[in-house]
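Chains C and P, in that order, are what the protein sequence lines are.
Position one of the first sequence corresponds to residue 484 (our numbering), numbered consecutively onward.
Position one of the second sequence corresponds to residue 64 (our numbering), numbered consecutively onward.
Simulated from the structure, these hints should not be mistaken for lab results.
Where hints are given, some of them may not hold.
[Unchecked claim] Restraint-style ranges between C-beta atoms, simulated for each label pair:
| hint | chain 1 | residue 1 | chain 2 | residue 2 | range |
| --- | --- | --- | --- | --- | --- |
| 1 | C | 881 | P | 370 | 22 to 32 Å |
| 2 | P | 69 | C | 594 | 52 to 62 Å |
| 3 | P | 367 | C | 618 | 26 to 36 Å |
| 4 | C | 859 | P | 209 | 30 to 40 Å |
| 5 | C | 614 | P | 379 | 39 to 49 Å |
| 6 | P | 367 | C | 591 | 56 to 66 Å |
| 7 | P | 199 | C | 867 | 53 to 63 Å |
| 8 | P | 312 | C | 625 | 22 to 32 Å |
| 9 | P | 368 | C | 825 | 23 to 33 Å |
| 10 | C | 755 | P | 185 | 17 to 27 Å |
| 11 | P | 187 | C | 659 | 40 to 50 Å |
| 12 | C | 859 | P | 243 | 22 to 32 Å |
| 13 | C | 596 | P | 379 | 30 to 40 Å |
| 14 | C | 543 | P | 185 | 35 to 45 Å |
[Said to hold, decoys possible] Some chain C residues close to chain P (C-beta under 10 Å, calculated; not the full set):
| hint | residue |
| --- | --- |
| 15 | 587 |
| 16 | 589 |
| 17 | 597 |
| 18 | 663 |
| 19 | 787 |
| 20 | 790 |
| 21 | 833 |
| 22 | 842 |
| 23 | 844 |
| 24 | 846 |
| 25 | 847 |
| 26 | 848 |
| 27 | 853 |
| 28 | 858 |
| 29 | 899 |
Note that the Cβ used here is the ideal one computed from N, Cα and C, for glycine as well.
Next come the chains, spelled out residue by residue.
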Amino acid sequence: MERTDILAAQGVLKTFPGSVALDRVDFSLRRGEVHALLGENGAGKSTLIKCLTGAYQRDGGVILLDGAPIDPRDPLEAQKLGIGTVYQEVNLLGNLTVAENLFLGRQPGRFGLVRTAEMNRRARALLAGYGLAINVGASLDTYSVAVQQVVAIARAADVSGKVLILDEPTASLDAREVEMLFEIVRKLKARGLGIVFITHFLEQVYQLTDRITVLRNGRLIATRETAALPRKELVTLMLGHELQEAERPVRHAPQEAVAERYRFEGFGRSGKIEPFDLGIRPGEVVGMAGLLGSGRTETAELLFGVHAADSGKATVNGADVTLSSPRAAIAQRFGFCPEDRKVDGIVGDLSIRENIALALQARRGWARPLSRAEQNALADKYIAALDIRTTDREKPIRLLSGGNQQKVILARWLATNPEFLILDEPTRGIDVGAHAEIIRLIEKLCEDGLSLLVISSELDELVAYSTRVLVLRDKRHVAELTGEDITTTHIVDAIAAAGAARSDA
Amino acid sequence: MNPAVSLLRRLTPQLVALVLILFLIWLVFPSFFSLTVQNGRLYGSLVDVLNRGAPVALLAVGMTVVIATKGIDLSVGAVMAICGAVAAASSVRGDPLAVTLLLAAATGLACGVWNGFLVSVFNIQPIIATLVLMVAGRGIAQLVTEGAILTFVDPALIFIGSGSFAGLPMPVVIWIVFGLCVAVLLRRTALGLLIEAVGINRRASTLAGVNTPVLLMAAYMLSGLCAAIAGVIVTADIRGADANNAGLWLELDAILAVVVGGTSLLGGRFSVVASLIGALIIQAVNTGILLSGFPPEFNLIIKAGIVVVILVVQSPHVETGFSIFLQRADRSGSTEKKQAA
């Protein structure tokens with residue numbers, strides 16, 4: 484058995500001031516194996532990866548590559564030893580060509596000049612091995628994230644060639660692209676590489692991986708054969724407790740009697756989203772489904788005033804309102820949790836306290852500051868209520884895990900006492916535990932009488948909490964499902980039916 | 064943590080640097096700290112540092128806020144020249160002091176509005192947007208002075224440059240009072256938080272309802288106002304407006320003061336008080352070099368060297384290295400104690 488392990492870590496220990504990030508974790512990776520590394524955010528996955536690649540210096544334990552102890556001081560050295568890493572955010576240079584990205588730092592040259600033709604020829608040959616025939620002379624950012632991901636993998640496998648670490652490679656890919664990526668991973672596996680695969684999608688774990696290692700709170704919980712580990716048991720291992728079954732709860736009583744609080748008529752903006760009609764009642768969760776680019780985010784941004792509508796009108800409790808800016812929307816007690824948390828949501832260097840207080844403070848205006856005591860009370864209240872895991876409310880928010888960042892953004896809006904919350908992919912990139920908590924939170928807010936509009940790519944989730952589901956396609960609202968009609972099958976049908984109608988036309 | 068303690072911790076590197084510089088000057092010029100009182104006013108090299116540092120200290124106040132919004136204001140030197148020229152022209156015309164000062168302040172604010180407009184409404188990169196006025200500003204100042212050095216004799220205006228109050232020269236009183244007022248205003252209201260939020264993530268702040276355009280505009284207006292005050296002081300000090308040389312290259316010293324004060328050019332967390340100390344450090348270096356009697360050709364080179372040392376010492380890498388060093392020294396010290404026992 485020992486012979487087949489290409490990479491083995493034994494008793495890896497990593498401490499940070501005040502916490503133990505990895506508590507003597509063992510990890511082994513076989514030749515020609517896809518090994519899933521799972522755990523909630525903060526379980527120690529990235530810390531382990533960083534110790535393996537030399538981004539962090541471990542405080543104890545040994546790492547064996549091909550049976551020989553290694554001690555990489557930085558990722559570059561690990562790369563030379565044979566351990567390549569591809570991160571969720573592709574870390575290549577978008578303004579260089581595909582070929583240049585593949586051969587950066589090792590361009591074929593003659594007399595100090597780069598032989599571009601030779602480089603392009605080799606790049607084509609390399610990518611052909613992955614079934615990708617693209618113009619290698621074009622700059623990388625003209626291609627989709629999926630293609631960029633493949634280029635990153637091709638480069639890492641070519642440079643390193645023993646171990647490949649994929650850190651959430653599928654987070655921003657659609658189903659077809661994921662399948663393409665999996666094909667490539669299987670090819671690399673057949674070539675004898677050991678592959679570490681980190682993801683939040685359990686579905687993909689069962690499709691692709693041979694073994695699973697679960698970490699929790701910096702400890703190794705288990706390493707099992709994927710085929711011998713039922714899904715429910717896996718979730719239990721990850722969470723340490725049984726997850727509530729995500730099944731359709733008791734249907735909300737029909738609310739025809741309650742008057743609509745918000746009414747948008749003929750609301751739209753050319754080039755963004757076709758005009759649509761939408762009414763939302765208090766205590767209602769309107770789900771929004773559709774493929775990427777179908778106009779879901781555009782709808783949300785229009786309602787929140789990020790882009791002003793160029794047609795139609797909006798009314799709140801029967802009175803006309805203009806939603807020309809986020810400030811105008813916030814004045815009507817709207818709140819918006821954007822899809823891209825890191826870019827549009829968090830203010831990274833500010834503390835959790837300041838991030839929570841920000842929207843309320845902005846609405847009060849600069850001359851009426853919240854006192855430090857008020858901010859502290861606000862922060863403590865939401866850290867407790869939403870179970871935000873942190874050592875300290877003064878910690879910069881960028882140091883929190885994705886799920887906790889999302890909770891802070893939610894807290895920022897809840898602090899303003901909103902009446903209408905728009906959540907764009909609230910559970911994306913969040914671990915299973917936080918996922919369930921956020922869904923529970925959505926249901927609770929709805930019981931409290933808030934109106935919610937929730938965009939999600941996870942149809943199970945939409946089915947679980949929506950009182951109505953809107954289906955979008957090609958920047959148009961194409962269907963609305965209510966009551967018993969809300970099932971994943973119906974949503975998929977609605978998306979597909981709209982597509983069929985379009986191809987008929 | 065107690066806010067006073069965290070402020071002190073924030074200011075420690077700057078204070079240490081200032082003390083070190085003053086100590087070095089004292090080594091080469093032992094009478095540096097001697098103060099004398101003549102006609103109810105303090106004299107001495109230390110007072111001189113505070114006095115000569117006034118323009119850069121004032122500019123650094125506005126520059127800190129602009130840099131905190133992830134911007135930069137290259138035009139402050141030229142705005143100083145414009146406002147000085149406006150003040151001189153007004154004084155020559157015979158306007159009362161209040162009118163002269165209001166005109167100068169209004170001119171500075173107008174320059175800030177122009178910069179703020181380009182940055183917040185047209186989304187032009189701050190370095191380019193303010194470069195426009197940096198270049199054009201001296202031309203405007205020359206138009207105001209009609210190409211000559213405009214001299215004036217109004218004693219009230221001259222008093223601002225060379226008078227004294229409570230034993231201190233007027234410029235010192237002005238920059239300390241103004242600087243502390245701005246620092247208190249920013250921290251006692253929510254402005255400080257909102258400015259930092261915009262500087263760290265403008266898009267997220269806008270989505271959270273922060274009135275970003277107005278805030279950016281205000282930052283550049285404050286910078287313009289600071290330049291106006293500095294311009295009036297410089298003009299009053301030499302009793303004339305010199306469109307070509309007033310505030311020349313001071314924008315660079317002001318940026319340097321902010322950086323030495325530990326505010327990142329990438330925006331976000333800032334401290335006005337730290338920038339004021341930064342301005343003092345720079346002026347102490349200038350004065351120290353003059354006092355030490357080096358040939359003047361070396362001044363700029365020595366200054367550059369000292370600034371590099373200060374910045375390197377402040378860099379996070381060195382700081383971590385230093386704390387590791389301290390821990391090791393601590394550990395070996397404790398083992399020695401154990402052995403002794």
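Going down the list of hints, with the structure as the test:
1. Separation of residue 881 of chain C from residue 370 of chain P is about 30 Å and conforms to the stated range, judged on CB atoms against 22 to 32 Å.
2. Between residue 69 of chain P and residue 594 of chain C the C-beta distance comes to about 58 Å, which sits within the given range of 52 to 62 Å.
3. About 49 Å separates the C-beta atoms of residue 367 of chain P and residue 618 of chain C, a value inconsistent with the hinted range of 26 to 36 Å.
4. Judged by the Cβ atoms, the range 30 to 40 Å given for residue 859 of chain C and residue 209 of chain P is violated: they are separated by roughly 59 Å.
5. Against the hinted window of 39 to 49 Å, the Cβ-Cβ separation of residue 614 of chain C and residue 379 of chain P comes to about 45 Å, which satisfies the hint.
6. At roughly 43 Å, the beta-carbon separation of residue 367 of chain P and residue 591 of chain C lies outside the given 56 to 66 Å, and the hint is violated.
7. Residue 199 of chain P and residue 867 of chain C have their C-beta atoms about 56 Å apart, which keeps the hinted 53 to 63 Å range intact.
8. Judged by the Cβ atoms, the range 22 to 32 Å given for residue 312 of chain P and residue 625 of chain C is violated: they are separated by roughly 44 Å.
9. For the pair residue 368 of chain P and residue 825 of chain C, the supplied restraint of 23 to 33 Å is violated, since their beta-carbon distance comes to about 40 Å.
10. The supplied range of 17 to 27 Å is met by residue 755 of chain C and residue 185 of chain P, whose beta-carbon atoms lie about 23 Å from each other.
11. A hinted range of 40 to 50 Å for the beta carbons of residue 187 of chain P and residue 659 of chain C is consistent with their spacing of about 41 Å.
12. In this structure the supplied range 22 to 32 Å holds for residue 859 of chain C paired with residue 243 of chain P, their Cβ-Cβ distance being about 26 Å.
13. For residue 596 of chain C and residue 379 of chain P, the hinted distance range of 30 to 40 Å is satisfied, since their beta carbons lie about 39 Å from each other.
14. One distance hint, 35 to 45 Å for the beta-carbon pair residue 543 of chain C and residue 185 of chain P, is violated here, with the actual separation near 56 Å.
15. Here the hint on residue 587 of chain C is broken, as its CB sits about 26 Å from the closest CB of chain P, past 10 Å.
16. The interface hint given for residue 589 of chain C is violated, since its Cβ lies 29 Å from the closest Cβ of chain P, which is over the 10 Å cut-off.
17. Because the beta carbon of residue 597 of chain C sits about 32 Å from the nearest beta carbon in chain P, more than 10 Å, this interface hint is broken.
18. For residue 663 of chain C, the interface hint is violated, the least distance from its beta-carbon to any beta-carbon of chain P being 32 Å, above 10 Å.
19. For residue 787 of chain C, the suggested interface contact is upheld, since its CB lies about 8 Å from the closest CB of chain P, less than 10 Å.
20. A least Cβ separation of about 12 Å between residue 790 of chain C and chain P goes past the 10 Å threshold, and the interface hint is therefore violated.
21. Interface restraint check for residue 833 of chain C: the shortest CB-CB distance to chain P comes to about 6 Å, inside 10 Å, so the restraint holds.
22. Taken as an interface hint, residue 842 of chain C checks out: its beta carbon lies about 4 Å from the nearest beta carbon of chain P, inside 10 Å.
23. For residue 844 of chain C, the shortest C-beta to C-beta distance to chain P is roughly 5 Å, which falls under 10 Å, so the interface hint holds.
24. Contact between residue 846 of chain C and chain P, as hinted, is supported at the beta carbon level, the nearest pair being about 6 Å apart and thus within 10 Å.
25. A least Cβ separation of about 7 Å between residue 847 of chain C and chain P falls short of the 10 Å threshold, and the interface hint therefore holds.
26. The closest approach between the C-beta of residue 848 of chain C and any C-beta of chain P is roughly 8 Å, which is under the 10 Å cut-off, so the hint is satisfied.
27. Hint status for residue 853 of chain C relative to chain P: holds, with the closest Cβ pair at about 7 Å, below 10 Å.
28. Hint on residue 858 of chain C holds. Least Cβ distance to chain P is approximately 9 Å, under the 10 Å limit.
29. Checking residue 899 of chain C against chain P: minimum C-beta separation of about 8 Å stays under 10 Å; hint holds.
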